[in-house]
Each structure stands twice: as C-alpha cells, then as structure tokens.
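Here's the letter readout for the chains.
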Amino acid sequence: MASFEQAASLAARAAVNSVKEQFSSQERMAAIQRIEEEELQFLPKPDTIKTKLANMCRENKAAALSGAVLAVMAFAIIFADKLTSYDPNAVNLMERLLPPSPAHWCGTDDLGRDIFTRILYGGRVSLLVGVIPTAISMVIGVILGMVSGYIRQLEAVIMRLADIVLAFPSIVLAMVVMYTLGATTTNIFIALSMIGWAKTARVVRSQTLSLREQEFVEAARAMGVKKWTIMFRHILPNCLPSLIVLFTLNIPDAILSEANLSFLGVGTQPPDSSWGLMVSQARSFVQSSPWTLIFPSLAILIMVLALNFLGDGLRDVLDPHGR
Amino acid sequence: MLKYIIKRILVTIPVLIGVVFLIFVMLSVVPGDPLTVMMGEKVKVDVIERLSQSMHLNDPWYVRFAWYLWDAIHGDFGTSYKLMRSVSSLIANAFPKTLMLAVTAALLSWAIGIPAGIISAVRKNSLADHLFMGFALCGVSIPAFSVGMILQNIFNGILPVSGFSSPRHLILPALVLGWNAAGTIARLTRSSLLEVLEDDYIRTARAKGLAPVSVILGHALKNSLLPVITMMAIQISSLLSGAVITETLFSIPGVGRLAVDAINSRDMPLLQGTVIFTTAVIIAGNLAADILYSVADPRIRVEGGK
Amino acid sequence: MKKYLSLLLAGAVALGALSGCSSAFEDNTQSGAPSASGESTAASKEGKGETQAVSQTAPGSNMLHIPAKDEFPTVDTQKDTEFYVVPLNIYDRLVECEVVDGVAEIVPSLAKSWEVSDDGLVYTFHLRDDVAFHNGEMLTADDVVYTIDRMMNPDTAARNTDAYSMIKGASARLNGEADSVEGAAALDEHTVELTLEVPFGPFLANLATPACSIYNRKATEEAGDQFGIDPQLTVGTGPFKMSDWVLNDKLTMVRNDDYFKGAPKLDGIEVIQVPDENTQKLMYENGELDIVDLSGFSSQLAYFLENDAYKDNLVTGPEAGCYFYAFNQDMKPTDDVRVRKAISMAIDRQTILDQMYNGAGHLVNSMLPDGVLGAYDAQEIPYDPEKAKELLAEAGYGDGCQLEIYQQTDNPDTLAINQVVQSMLNEVGITVTIKQMDDAAYFAERKEGRLGMTRASWKADFNDPDNFLYTFFSERNAKIRSNNHKNTDVYQWLEEARAMTDEDERMALYQKIDTAVVQEDASVLPLFQRDHIVVVQDWVKDFHVAWNGWSDVSYYTVSLEK
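Protein chains in written order, with the numbering used here: chain A, 1 to 323; chain B, 324 to 629; chain C, 630 to 1191.
Don't take every hint at face value.
Okay, the calculated beta carbon distance ranges per label pair [what the hints assert, rightly or not]:
no. : chain 1 : residue 1 : chain 2 : residue 2 : range
1   : A       : Ala68     : B       : Phe478    : 30 to 40 angstroms
2   : B       : Asn476    : A       : Thr184    : 31 to 41 angstroms
3   : B       : Asn476    : C       : Thr945    : 21 to 31 angstroms
4   : A       : Val157    : C       : Glu1104   : 47 to 57 angstroms
5   : C       : Lys741    : B       : Glu372    : 34 to 44 angstroms
Partner residues are not named here, just some residues of chain B that face chain C (Cβ under 7 angstroms, in silico) [stated by the list, open to error]:
no. : residue
6   : Pro337
7   : Val352
8   : Lys365
9   : Pro383
Output of the computed footprint for chain C on chain B, the stretches with three or more beta carbons under 8 angstroms from beta carbons of chain C [to be verified]:
no. : region
10  : 370 to 377
11  : 401 to 407
12  : 410 to 417
13  : 441 to 454
14  : 485 to 493
15  : 569 to 579
What the hints contain is simulated information worked out from the structure, not anything from laboratory work. In this text, a Cβ means the ideal position worked out from N, Cα and C, and glycines have one as well.
Start from the sequences, fold in the hints, and give me the full structure.
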C-alpha cells in the first residue's frame, strides 16, 4: 500500500524539480504572463503522452504486452454472451465437477455450471469492482487531499479522518461496512471506496503542499485568482501523472479486496459470481477437482499482474523525472 | 525531533478515540446482538432478554460508548461477550503468535524482494527484469487464500498445514504472507535503485572505471535501500495488524482471527480491543518509518515538524 | 553519516522485533503446557521431529485427536448452549440416553434408579454412592440440588435455564423471588426428590441432555466465574478431566483413572481448532486427526464415499433429525398455503439427496424422523411440478412470483442446496433470490420473525417429539423460528401433550399435530434424513455414532490400536 505513497512522494519531488527548472526567479514575470495566457499548460500535452506511451511500448515490452492482454480480457468479458452458449447460472446436477474437456474448457463446478462461462461473466463483477470503487475513492481522495493541502484550516480534520481510515485494519473496516449496509455488489463499491480514498488524499495533499509554495501558484494567488480555480486549474493538472499511475495500481488492490471479502462471505452474492467468489467456493473441492480453483485464480492472477506491469510502465514514462 | 515525536504521539489519541467511536456507531446500526448469535439454534427469548439487561446491551450506544471510554482510560478493556475472558488477556495470548508470523513473513519477503529488485534494476527491461519482477509481483497478484490452499495441497504430509505448535508450522503461512509482501519490496527496491543509478556520483564512479558490481553494491545499493527500509517498518506493522485470512486458513490463533470472530459475534469489547491494539501498532509503525526516513534523508521534511 | 545512523537504527528495530519474537515463541511453548505442543517443538528444534505427523511424534500416542470448527466460550454447560463435546466427556448426568438393541433408551448413570409418582409430578432419584468428582469429593444429593439451584440462580447468568424451568419454584428463583428452587430437595445423602410444576412427559429425556450435567458444590463455588474456563478449576465426574486449554488452538483432556464406570482406554483427547473444513480433511489424511465428522461437510462426502481407500474407515449411523425448508406465513407469497404446497411439489428432493449427498439417507415426510419417539409413516409429499404450477395459478401467481430464501453466509452446504432449489423453482415460474446474512444478522432477523424461506435442520436434543414440534410450532416459538405458524389448535395441542401422562395417547396426539403442520398447513417441507457419516483412522476402535446423530459425542468407549 504505502509503496504508492513512497513512489508518489518521489514523483512529487521530481515534479517540484521540473517546475523549478521552468520557473527560476528571473523568469517570474514571464511565468505570470504565461499563466494568464495558457492556464492549462501544465497538463502533459496529448502528443507528449502519446510519444511517451509509444516509447513505453518500445522499451518496456512487459507493459505493452500487459496492455494488450488487458484489452483482450476486457473484450472477452464484455462480449461474454457472444463467446459462450452456456448460461452462467444454470444448475445441472448431472454434470457436477467434470474435468476440462472440449465441451467445458475449464471444467464444471459443484453445481454443474460451466467454469469458463462463469469466469467470463464473473469478470464483469471483478472488473467493475476494480474500476468503480477506485474511481470513486480517487475523486473523493483528490478533492479532500487538495482541500486539506490548500486550505490549512481543514487540514487537521481531514488528515485525522484519513489517519483513522488508514490505521484501521482495512478488512475489518470493510466487513463492518458490509454488515451494516448488507452484502450487495453496490455496497462492495461503497465499502471499498470508503477505505480507498485516504491513500489518494495523502498523496494529493503532499503534492499540493509543495505546489502551493511554487511561484506560479503564488503568482496566480497574487493576481486574485479564486482558491478553487487555483486548485482545479493549476494544482490538479500537475498531480495528474501520479494519479494515473495510482489509478492503475489501485485497481488490482480493489479486485483483491473483493476476493478477500468474498472469502469471508460478505462479498459478491450468489448466484452471481466474481472471480474471488469462485476461488473461495472452490475451497472444498481443491483436492478432488483442482480445476475449480486453478482457472479463476489464473484469471485474477493474469489481470492483476497485467495491471501491475502496466502501472509500473506508466510510472516509468509519466514520472516527470523522466527515467 | 523529540518534540516532533511527542506531537505525533499526542495526535494518535484523537485517532484512537475516533476509531472507538466509529466502531460503536457502526456496530450499533448493524443488525444482530451477541446473545442471539451465541445461542444460535437454541434461541430462547426470555433468556436473551434477561441477560441483555444484566450485560447492559439495551443501553443506547452513546451510553455504552461513554462507559467504555471511562473504563478504557482506567485500563479496563472489558470482558469478551463471546469468549468470556478479559480482552487484555485474549490479546496478550494472541499477539505473540501474530508477531512471530509477521516477522518471519517480513524476513522472507526481504529475502525474495530485495534480490529480485536489484537484479531487475541492474538489468532494466531485460528478460531477467521481467522474470524476477513477474515472480515477485505474482505474490501480490493472487489472493492469499488461493496461494494458501494451493500450498496446503502441495505440501500436505511434508509440512504441517494447520495449527501453531512448532516452528515448522510457520513455514507455509509465512510463505504465503512473505511472497505477498515481496512484490512491494521488489518494486520499491527496483525503482529507488534505478533512481540512484542515474545520480551523478554513480556516473562518476562508473566513469572512473569501477566495475559495475562493486558500483552497485558499494555505492548505489546503500543509498537506494533507505526508502526500502522505511517501507519495511510500515510493512511489519501492517502484517502485525493481523493477517486475517491466512490465520483462518492455517488455524493460527492470532489477533486477526480474534477480530473477525468478534465482528461475527457482535462482540463489542473484543472488537474494540483488537482494533485499538492493531491501530496503535500501525500508527507506531508509520511513526517509526517517518522518523527513519527523516533521519536518513534530511531533504525530506518531516510533516508538520517545522 | 546520518544514513549510517539510520541503517543502524533500522537494524536495531529489526533485531528488537526478532528478539521479541523468539521470546514470544518460548512463552508460547511454555504456556502450551504439558504434552504434545511443548514436546514436539523441542523435538523439531533438535532436528528429530522430521517425520510428518505431529501426533505421531508426540508422547502419549494413545491420545485421540479430533477437530473443532469453532472455539467454545466455556465448557460450563449452564452458560453455553452450543458446544457439548467437552461437557459430554468430562461430566455425567443423572441419566443418559443410549442405544440399547437399536432403540434409544434412558439408562441409569449417576442415579442408579428412580421412581415417578402416578400423577407424573414427583421424581425420586437414588444416587450411586461410589462416584467421585475429579477433585476427590464424593457425589451427594446436595451436589445435585446445588447444580439445579446454580442454573436458576440469577447471578449465574445461565443460558440453559429451560433445562430445569419445569421444576416447581424454578421460575421464582430465576426472577429473584426465592432463595432456592422449591422443587429440588435432598431427602438424604444419596436421594434427590424433584417436584414439577405440572407434569412434563419428556422430563427424564431432558435430564439426559448435556445441559443437565451435575457439578460439585465445593469445586464450583471455589472456581467462581472461572468454572468452565480454567482447566484446573473445572471439575466433573466424567471419564476425562480437562487439563489444558490454549484458546483458538487446542483443548486437552486426560484420562480419569477413578471413573466410576471404569477408566477409559484412551490416555486423553485433544480437541484441535481447525476452522477450515478442507484443512480438516488434509489433516485427517496426514494422520494429524483421528476422527472427522462429515455431517456438516457434504462437499467432501463424494471424496470419501467414492474412494475405495476409505471404504473401511467410514462409520455410519442413523441421525435422529431431519433437513427441511421452513416457510414464513407472514410473508408473501408463502402466506398462501397453496403456494407453500406448490413449492413443496416443485422441489425434487430425491435428486438433491442423490446428487448432493451421494444418496446417503432417505426422504422424510414428517417432522418426526426415524429414531425419534413417535415417528410414524406419514403420507408422501409428491414431486409434481405440473400440479405445482396449477396450485400457483389457483393462488393467483400464474405469471410467476418472487421468493426470497435466506441463509447464513459461509455455509457452502446450504448455499449449494439453495442454488439447486433456486433453479428447480425457476422451472415452475418462481424467481428465487438467495439472501445471505452473517450469523448475527441471520439469528437477529429470525428472532423477529422476518426471515423468508430458510433451509434448516434439527437433531434431537432429547428423545421426544416435543423437542421437534414444540421447538418450532408452539405459540411461544413460531415467531422466533420465523415460520409464524398460525394454527391455534396446534398451539393448544402442543401444551396439552406436554402434560399428558399416558404415553400412547401422547404419541397419538403428536402424530396428529405433525399431520396438521406438515400435510395440512404445509408449514414446512421436510426434505430428508441423512446418514451420519464419520471417517475414522484405521487405528480407531469402538467408535459409535451417537443415537441422535450429534457430532459431539462421548469418547469413553473408544480405543486406539497403533
């Protein structure tokens, strides 16, 4: 977890350095003018991102491959109903626990359901659980992080709140939230968002803290630009590279958290399935029918691994330090 | 520095109270009460009513919250509803086991993660880089229970798969946790070593003709390990907060299992006790990490330390 | 310089953690007390314990190792209603229920004989005079009176008060209106007289339940609230004595050489906490567990039943209990008897039994399963989806309806059956949602009568129809069991039956009640009675399944031949 923070603080330092290079004190007045002219200049320009991605694909084969794998998986999951003719929830007691065969590529589970089909459909839940709570938690985290970094009066309150969430054993917190709200997929989103925001808030706050001392921000302030405009126009764009990296790396976390919740019985509810639930339901059949465990585990492994490689690759290219 | 430490410790007090408060509020809206779940199939309404009265379960949550704080300030963390023993003694018995597991797992994760990170950094974007990082990242990329179940089935009969009565019982659960933590360590080692390798003095050392191996081990590694070391402090504290799932799978009587049992049986005193305890451990770990980092690298300003 | 300092600091932290750890581990092994854990640690430290199974390297290989899925709070049966494996082995009751010639009967135990007055109100028990408690005290009538009084003493905060609530003056004692239980008296040193408020047919059977274990006055008073928790202070008369208890790890019992029925053959019993069922199976396979009960564990049935290697390791017996679906009569659509009957006809029970439980058992059509007093041949509930559709149409659900099935989380057995039923009911147009709740929420909702359809099972506590029918369909229990059964005739008959003294009439009435509940009201759908299957190691001899099919049994007769 905290590695992101570390990484992000490295990135923050680097960002500060590069900003310093652009705005030495001699150039201050010119900078103010530039801010007036082109407020969004700190957004990495689209073409540079494109170039960087192209570089990444050339240099970091693993990241490029991961991107391709993810695209294929997303495609398969989205068009699941075109790829398989089985109903993911149709119970067939006559075909329980069949090993993999041409008819059932990944075998069947204890209720005779086709595991390949369930992996495709279960991927929808896993993917949603990966993306939605991460997105929500990042929006909350970015806002609270910027506010606490920029408006010092609110800093103590928000940061103490973040401390509570970060110090709380996260699986316990998620369980309590799930019990309070009831176990549904929507509530998984809520539970995971409630846990995830604090990490983002910390990262964004520390970046905001250094950015707010920068000349271009001071200049904007001196010119009477409103607080919120400064935050969203000047500070946020500078946090963007690390946020993209954070986003890619937080998705696997969310997917694994859902799996853990399912293992403890408060995650996805049957007959729906997620990969995590499939793995945890396989636990009674590991020995006699290992395919019930292996294929969903592989699905998680491949997706999370790909996301991690892609995230690392993105960090390498988007980090302004320019490694 | 001392002032900073004292300040940090003082700041943890509202955090702990906040944690206690959060649990009280949440558990008071969660359906279910400890007596009903404990009696389970043998439910008897009259018994539950009579005992709820004597256990003050019918009081509103804020009254119980006030009493709890009052007792906690006086060092009394109550008696577990479910296990009928004092919460302090339950945690005192469970913690050494969690500690033992956490430290073993941490050592293992360093043994896997640091070499993997070094090799990956030195051979950046090579096959070796991808292979070693891939191996380390696999540990983070697959649910712990999945790894645990696979290991149990592979090693059944060779290593104990359950319980905690000898050091050999530690091997499998520590492997599960250690592999999981190794990914983070490997990744951090790689990136910080890469950063140091770009620094001027390393370039100078290279230019002076020092062999790459001695450059890496002699100069770069020493400096690049700093963030890794602070990471380790954070990691140990998160391992100590209880590896709930690993403890369940391998039947280890640790703190994590106490916490999950406590939620499941709505055992407020036990849940409070375990959460306060683990929260304190995590805070202490983060504090240690921050101090280490600021001692190590004066360029990093300690938060709020000015 | 500072960097070196920090490295040093880090090293110090790591070392500190390590030394803390090693001492923690020593603490652990020390508190792990006598035999197995400490010794095996030492052995492996010296590099000797290289062979696989810990149980085999440990001294006292005549110890029996059994698993437990959940930790017990206390072994004081007055305060715990759920976990009886330890109480059944360390305490005795006045009478016991045992299988004699295939029939469960009440047999003497601490009481060598007893008389019942003609009106069924006064029970006189003659105690054995050769029974010693683990602390050396001899059993007297006063101990029995004390035990009863302790249960009803409000300060005890007992949970099993129902066990004695029919005794005269028991409620008054519980409410604090009296200082003793009026109906419990010691006539002389070895004679106890219990007087009931009103006649209670199942009284003797009730006294054979673990809740009615007899305690020693001196030891129990001295132990205070540590009774049932501190192994040294927990004293009974049973074949085993508690010797050590490491919470969430294992509980050890050792042989009581002075047991009044003769010393047991085992040296002792270790109850090992293994929450994960698959882990239990693995531990059985490598010899760390001697006995694994498969009753709560149907996913492994096929593995053991279909594998010839285990053919000789299976001990089977009947189970005096049944699985059933209960309907909530306060919730739509199951408030309509036609819907309840339709659901019953749409579920193919035989297929579920065959496919999910390897056919090990038989269908039942009443709530009085075989092996329980009063069991009878009830009319068969047919599997007839076409008739079910007709009934649904008649009830106004011709276009289908929604139904909620509730269950506890982390219960894969129930979940599997519910998913099968979900797809079966789908065939007749009923769309089923399975709602999972954690135990605490589940029981809390059930207590309020708010659970929809649930799959449940019940195994006899004591051998009497009252234990089945009163528990679910009496006025007092219909709501808290979430069936909200409305039949007031049944309420009344259930109370009447309790006070009847003529056994034949009583059983006839219970059969009438059962017919009304199951056949007419379709308040529940009895599914099947499963065989109780336990897998035991080759070296375990004389293990028998308990008469009622409980997983918690006495291991007094068991021996090991290694």
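A quick look at each hint next to the structure:
1. A:Ala68 to B:Phe478: 30 to 40 angstroms: Given range 30 to 40 angstroms: holds, Cβ gap about 35 angstroms.
2. B:Asn476 to A:Thr184: 31 to 41 angstroms: holds (33 angstroms)
3. B:Asn476 to C:Thr945: 21 to 31 angstroms: Since B:Asn476 and C:Thr945 have Cβ atoms about 27 angstroms apart, the given range 21 to 31 angstroms holds.
4. A:Val157 to C:Glu1104: 47 to 57 angstroms: holds (54 angstroms)
5. C:Lys741 to B:Glu372: 34 to 44 angstroms: holds (39 angstroms)
6. Pro337: violated (26 angstroms)
7. Val352: violated (11 angstroms)
8. Lys365: holds (4 angstroms)
9. Pro383: Hint violated; B:Pro383 Cβ to chain C Cβ min 17 angstroms, cut 7 angstroms.
10. 370 to 377: Satisfied; 5 residues make the cut.
11. 401 to 407: holds (count 3)
12. 410 to 417: Holds: 3 residues of the region 410 to 417 of chain B have a Cβ under 8 angstroms from chain C.
13. 441 to 454: violated (count 0)
14. 485 to 493: holds (count 7)
15. 569 to 579: Holds: 5 residues of the region 569 to 579 of chain B have a Cβ under 8 angstroms from chain C.
The earlier numbered hints that this structure contradicts are 6, 7, 9 and 13.
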